[in-house]
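Asks: If you want the building blocks of each chain, they are given just below.
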Amino acid sequence: MSVKIQIEDFDLGLELSKLRLASPSIGAVVSFVGQVRDVNDGDTINTLTLEHYPIMTEKALVAIESEAKTRWNIIDSLIIHRVGTLQPCDQIVLVAVSGAHRGEAFHACEFIMDYLKTSAPFWKKEATEHGERWVEAKLSDDAAKTRWLNQLK
Amino acid sequence: MSVKIQIEDFDLGLELSKLRLASPSIGAVVSFVGQVRDVNDGDTINTLTLEHYPIMTEKALVAIESEAKTRWNIIDSLIIHRVGTLQPCDQIVLVAVSGAHRGEAFHACEFIMDYLKTSAPFWKKEATEHGERWVEAKLSDDAAKTRWLNQLK
Amino acid sequence: MNIKVLYFARIKEAVNYSTEDIDLPSDITTVTALKNYLSLRGDNWANLFNGKQVVRAAINHALVDDLAAIKTGDEVAFFPPVTGG
Amino acid sequence: MNIKVLYFARIKEAVNYSTEDIDLPSDITTVTALKNYLSLRGDNWANLFNGKQVVRAAINHALVDDLAAIKTGDEVAFFPPVTGG
Chain A
1 MSVKIQIEDF
11 DLGLELSKLR
21 LASPSIGAVV
31 SFVGQVRDVN
41 DGDTINTLTL
51 EHYPIMTEKA
61 LVAIESEAKT
71 RWNIIDSLII
81 HRVGTLQPCD
91 QIVLVAVSGA
101 HRGEAFHACE
111 FIMDYLKTSA
121 PFWKKEATEH
131 GERWVEAKLS
141 DDAAKTRWLN
151 QLK
Chain B
1 MSVKIQIEDF
11 DLGLELSKLR
21 LASPSIGAVV
31 SFVGQVRDVN
41 DGDTINTLTL
51 EHYPIMTEKA
61 LVAIESEAKT
71 RWNIIDSLII
81 HRVGTLQPCD
91 QIVLVAVSGA
101 HRGEAFHACE
111 FIMDYLKTSA
121 PFWKKEATEH
131 GERWVEAKLS
141 DDAAKTRWLN
151 QLK
Chain C
1 MNIKVLYFAR
11 IKEAVNYSTE
21 DIDLPSDITT
31 VTALKNYLSL
41 RGDNWANLFN
51 GKQVVRAAIN
61 HALVDDLAAI
71 KTGDEVAFFP
81 PVTGG
Chain D
1 MNIKVLYFAR
11 IKEAVNYSTE
21 DIDLPSDITT
31 VTALKNYLSL
41 RGDNWANLFN
51 GKQVVRAAIN
61 HALVDDLAAI
71 KTGDEVAFFP
81 PVTGG
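Protein chains in written order, with the numbering used here: chain A, 1 to 153; chain B, 1 to 153; chain C, 1 to 85; chain D, 1 to 85.
Next comes chain A alone, as it looks inside the complex:
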């Protein structure tokens, strides 16, 4: 399990290859990449700036990975989250999970993303054509997290 918070971009192909080739018992790698969209809530986005709470961020993400590993039979996981100022089409976040079989890797990957969205201390500020604004938390993200609380696995 690993967690990286970084300003610089990441090489998606390289990261997934490292995860995949770490063991010949891996049969499945599921990944999620989030990227900056050019329009949000109807306004053109010029830049997106990510702020975070160092130390707490790392702790929160490690705790989420540990919880995923407790719930599902997965082999490894990786979270890379960028901070600083990004442009549309820039990669923001990578979550990748390896396992012997696909079902558990899919669920663990989605679980990590849903928890990251609601429990890791990141905040987004958009510079739009009409000025700057903080991105509001979404009720749909809370709902996505709550799903996992209500199921055994």
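Misleading hints may appear alongside valid ones.
[As the list claims (entries may be wrong)] Dumping the calculated BS3-like pairs for lysine-lysine here, alpha-carbon to alpha-carbon at most 25 Å:
1) K71(C) / K59(B)
2) K12(D) / K59(A)
3) K18(A) / K59(B)
4) K35(C) / K52(C)
5) K125(B) / K12(C)
6) K52(C) / K59(B)
It is worth saying that the hints were derived from the structure and are not from the lab.
On the provided structure of chain A, position chains B, C and D as indicated by the hints.
Replies: Just chains B, C and D now, kept in the frame of chain A:
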């Protein structure tokens, strides 16, 4: 939407980058990579050979992608499936889905894999330490597909 | 009527055919009837097509069940449950 | 008792602080009490900490609710609902 059946390997990073950068309205890319494991059912695997039914394979995969696009609000999808003889740690299959938001991309990607496993005419033969054998279809794969039949979305 | 029949994977190996053209008697008009017809060719054919093994069928590249009708010019394929991915 | 307080995102901008050391009166022992204490500093503080906005708190890098106890040496952080990913 695209489907490729090929003997040669694919460049995972390149394929995902192309999908991701196709539109600045894409906020999420979910991918699944399957690879050959070194042990199956307790036996060491030397090689895995994939046979398929040309034309029908392409039609089946295109139909699965179309069904996913009908069910979920996704932007694009890609399936690459290799055939021929592979070694442990070789990539077998890539399914990748892009969308504005993560939830629909996750579900569409898992749906495509579950249907691919049960509806696309591929067959696997393993060369093990004890000789060759055809891989048996799994009841768990049928169950994974049936889940999707019993839900609206 | 003339049809083309394809065999894949385990079934291809068992019958030692990958593809053949067959001129069917006119009363063979469904997948079930074709399976029964093929099962008369010998022991290895009987073992596969007597209904004790799961043999899936496709007509013209679409999965069908055993009640499906066969018409002249069709491409019929027989194969075991699929195991890709 | 002495604590360190950190502010993030919208809240950091509103109070114009990112971090400060505070010597708290001895009766301020919970997050709620600390919020009330801070809300007396002026209008922008009152707007944030009077309970009408969602302000999340963490103590020593762990999310807590407003009933959580504060002890000397703690690092307390205030921030809006998170929006990463």
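Asks: Are the hints correct? Go through all of them and say.
Replies: Hint-by-hint comparison with the structure:
A hinted pair counts as satisfied when its Cα atoms are at most 25 Å apart, and K71(C) with K59(B) qualifies at roughly 21 Å. Straight-line distance between C-alpha atoms of K12(D) and K59(A) comes to about 22 Å, which keeps the hinted pair within the 25 Å bound. A threshold of 25 Å between alpha carbons decides the hint, and for K18(A) with K59(B) the separation of about 33 Å lies outside it, so the pair is violated. Note on K35(C) and K52(C): the hinted pairing holds, with a Cα-Cα distance of about 12 Å set against a maximum of 25 Å.
At most 25 Å may separate the alpha-carbon atoms for a hinted pair to count; K125(B) and K12(C) meet this at roughly 13 Å. As the CA atoms of K52(C) and K59(B) are separated by approximately 29 Å, the hinted pair breaks the 25 Å bound.
In this structure, the hints that do not hold are numbers 3 and 6, in rising order.
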